[in-house]
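Student: Per numbering that gives the first Met the number 0, the sequence shown starts with residue 0, numbered consecutively.
To be clear, the hints were calculated from the coordinates, so they are not data collected in a lab. You may find that some hints are simply not true.
Claimed, not checked - Derived pair list, reagent style BS3-like, types lysine-lysine, alpha-carbon separation capped at 25 Å:
1) K44 x K29
2) K59 x K44
3) K39 x K29
To be verified - With beta-carbon atoms standing in for the labels, derived distance ranges:
4) E36 x Q13: 18 to 26 Å
5) N14 x V51: 17 to 25 Å
6) Q60 x Y23: 47 to 55 Å
7) M0 x M54: 36 to 44 Å
8) L28 x D58: 37 to 45 Å
9) E43 x L6: 18 to 26 Å
10) R7 x L49: 21 to 29 Å
11) Q47 x I17: 33 to 41 Å
12) D58 x Y2: 40 to 48 Å
13) Y18 x L38: 18 to 26 Å
14) Q60 x Y2: 30 to 38 Å
15) N15 x Q47: 22 to 30 Å
A virtual CB, placed ideally from N, CA and C, is assigned to each residue, including glycine.
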Amino acid sequence: MIYRQALRFVTDYQNNDIYYGAKYETHNLKRGPNQIELLKRYAEKEQQLLTVVSMMINDKQ
Numbered sequence: 000m001i002y003r004q005a006l007r008f009v010t011d012y013q014n015n016d017i018y019y020g021a022k023y024e025t026h027n028l029k030r031g032p033n034q035i036e037l038l039k040r041y042a043e044k045e046q047q048l049l050t051v052v053s054m055m056i057n058d059k060q
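Using the sequences provided together with the hints, build the complete structure.
Tutor: See the structure below:
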């Protein structure tokens, strides 16, 4: 989902910001790489996130 969002921001920039709009000229162009950085950080924490989700599921049972 995060990767897809990155592509959407860059695509919107290429299409003159008609979908998301922009506060300044390169706003969506900068949003794309920011989403890629977010994805990298999630990937680094994947095991921790899975552990937390597993604990939450087990608590509800």
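Student: Hints the structure violates: just list their numbers, smallest first.
Tutor: The structure breaks hints 5, 7, 12 and 15; every other hint is satisfied.
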